[in-house]
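*Asks:* Letter by letter, the chains look like this.
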Amino acid sequence: MTSTVSLGFDALDGLMPMHILIDKLGVIMHAGPTAVRLRPEHDLLGMRLFDVLTCVRPACDGGFEDFRQVIGQPLKLQFRAAPHTRLRGLLHPLDDGQLLLNLSLGYSVVEAVSDYALTSRDFSHCDPTVEMLFLIEAKSAALSESKKLNARLDEAREAAQTQAETDALTGLHNRRAMDQRLCDMTQSRRRTEFGLMHLDLDFFKQVNDTHGHAAGDHVLLKVASILREETRANDLVARVGGDEFVLIFPDCTDVTLLDTIAARIIARLEEPIPFGSKQCRISASIGTTISSLYSEPDPDRMLSDADTALYQSKNAGRARHTLFKDAFEADDMVAH
Amino acid sequence: MLRQLEDRYVHGLINKSVQGFLISNHGNDAWVEIARMANLPPQGFESMLTYPDSMTDKVLDGACTYVGCTRASLMEDIGMFLVTHPDLEAVRRLMRFGGPTFEDFVLSLDEVHDRACLAVPELTLPKISLNDTGVGQYVITTQWQVVGAISLVSGVLRAMADDYGALVVLDVGPHLHSDGRIMETLSVFIAEPEFAAGRSFSLAERLA
Chain A
1 MTSTVSLGFD ALDGLMPMHI LIDKLGVIMH AGPTAVRLRP EHDLLGMRLF DVLTCVRPAC
61 DGGFEDFRQV IGQPLKLQFR AAPHTRLRGL LHPLDDGQLL LNLSLGYSVV EAVSDYALTS
121 RDFSHCDPTV EMLFLIEAKS AALSESKKLN ARLDEAREAA QTQAETDALT GLHNRRAMDQ
181 RLCDMTQSRR RTEFGLMHLD LDFFKQVNDT HGHAAGDHVL LKVASILREE TRANDLVARV
241 GGDEFVLIFP DCTDVTLLDT IAARIIARLE EPIPFGSKQC RISASIGTTI SSLYSEPDPD
301 RMLSDADTAL YQSKNAGRAR HTLFKDAFEA DDMVAH
Chain B
1 MLRQLEDRYV HGLINKSVQG FLISNHGNDA WVEIARMANL PPQGFESMLT YPDSMTDKVL
61 DGACTYVGCT RASLMEDIGM FLVTHPDLEA VRRLMRFGGP TFEDFVLSLD EVHDRACLAV
121 PELTLPKISL NDTGVGQYVI TTQWQVVGAI SLVSGVLRAM ADDYGALVVL DVGPHLHSDG
181 RIMETLSVFI AEPEFAAGRS FSLAERLA
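So the protein sequences, as listed, match chains A and B. So that you can map any letter, position 87 of the first sequence is 87 in the working numbering, and since no number is skipped, the others follow by simple counting. So that you can map any letter, position 198 of the second sequence is 198 in the working numbering, and since no number is skipped, the others follow by simple counting.
Chain B with its partners taken away, still in its complex shape:
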């Protein structure tokens, strides 16, 4: 029961990230207009509060209308933004705790939901499961209350592959609804684990 209730809310950290992405990539005027369409005040979301998931959908729909793109491409851009934007170095570092190689990182994705909950109990990230389909090949399935989780993951994976210096081929599959939750799939093929010299990561470079 509690579980179901939580699923209908999206944490402010996620909403605020979407807001941060829109302001950073499309400007404050774009955000003010998108917020207006979603009946939000211009200052937008607070990162440590939670919001009904319909509000996240409204903002994402408004952003797609404003920018003129699909939900999938918007979510993919947000995923890349989360990992690559200098202001969000903390996110990249937390991702890199997933493991020393890109493949370790992919294998850690099914723990992302639980890891996030340990840090911020109300933060419900997409639930991710993994299936091996061959050497360096996986099919990732996401379950979330917001459409586009798989594209978000795909953006994160693309950016993290660069970060590790790996060469990957990603292919988003169809999505299906069940009980108000959306299941989406993505196939991942790690073509070259050490394709380029990635960015450095050390456990010790803690951020202030």
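This is chain A alone, in the form it adopts within the complex:
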């Protein structure tokens, strides 16, 4: 035995405000208050349902009998006239051959609320649409806060990374940055030819001892700016010790050119550096090697060879530049 309930239009309007009632010929007899918010009553009442709505899925192109085929199935419907709001629907037969179509906005809710200026009163008290709209807004507000946090963290991470690769006093790169660059350039897959210079200041200790550490720091800043000026933006200048620097020249293995650069750097470093009323005088010894000397360049080996050339410069009386090849030949000559 099935029990039945009879509902007046008032109850129907309150329980499912977006329903449409169709007679047995497919003509709209009644529309709930929210359905009427989407289409004015005169566009609905007396019209044939399939002239107002088209059934997108299951596809059925219009006959009322087609609608009868989809009773009880989940329906995707769309208004024929603009705005072509998409709706979800469920069709239920009534005893006297009438059909009851209940509708909801589904995912077009945000658009529909705007298109039809819907308010919370247009939704049944039991319909969670307003709560959903609340959540959409609340979540997007929370998400935008999260995005701001991410942006700040990203900035902080970049700043920390720059700091980790920078010499605090001179703002030049530090040993960590140099190691990373050498490692990148010697990796077989991305191998780049380059010149490597190891520079050690001469007479810097005297500056510190005679004029104090403030003068020493001042000289180091001046050295840093000279090294920046005498190199290209793409070259790497790193302070790797108190008065020791490493310079990397990508795509430059021209020993004549490197010798010219080294000579120019030494000449500029030898210009007296004023500090207060005093004049600080330094020079530099440089040793250079180039990656093309090696079949498989290795950072440690190259640094050691540049260092060997540097000490060759020191031993030969300082304030000069030596290419590693020369140093090697010199050793060779000593050996023979």
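Just so you know, the hints here were simulated from the structure itself, not pulled from any lab data. Keep in mind it's a predicted model, so treat the numbers as computed, not measured.
Here are the simulated EDC-like cross-link-like pairs (lysine to aspartate or glutamate), alpha carbons at most 20 angstroms apart as the crow flies: (1) A:Lys314 with A:Glu270; (2) A:Lys139 with B:Asp87; (3) A:Lys139 with B:Glu46; (4) A:Lys139 with B:Asp114.
Could you slot chain B onto chain A? The hints should help.
*Replies:* Just chain B now, kept in the frame of chain A:
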């Protein structure tokens, strides 16, 4: 257990709102000084992190000392700031989802805690309960780990009454402690639901 643990933290959104209020109403120098008193860095709170509740108390105490006001009046001002400041229009809109009339809004207060948790699970707003005491009359009770929740609610209600155009009489009652939580009460009398033309609200004016 988890519940108790959560109760000892205050979400960054709340702390950051307090910070925003202090900077907006009293200037950045005031904030820097209050942050210093609370052992916080000058940049203050991150809105999407959580902080021990003692930190919130320190900032609120520092602010009261700096401004020379009581916790209750500070919290009430913060409540009004949250709803009325143009930069926080999102908050006003989320409040207006409470219902089409001011009375609907008052009746939605007991859902505020759960609604906030749905949006941001770690965000534990004061728990609010409501008792009808007559026509248009309610007694609101708040439970929170920070003193002054009721004054915060009172500030929000005052500003929301303006927003809806309602005339209300609010009266903060005494507060009592139980198990580390503070219970406070407020009586609300809606004298005139449509006293003035409030501000408009539509579901669709979504903020970017």
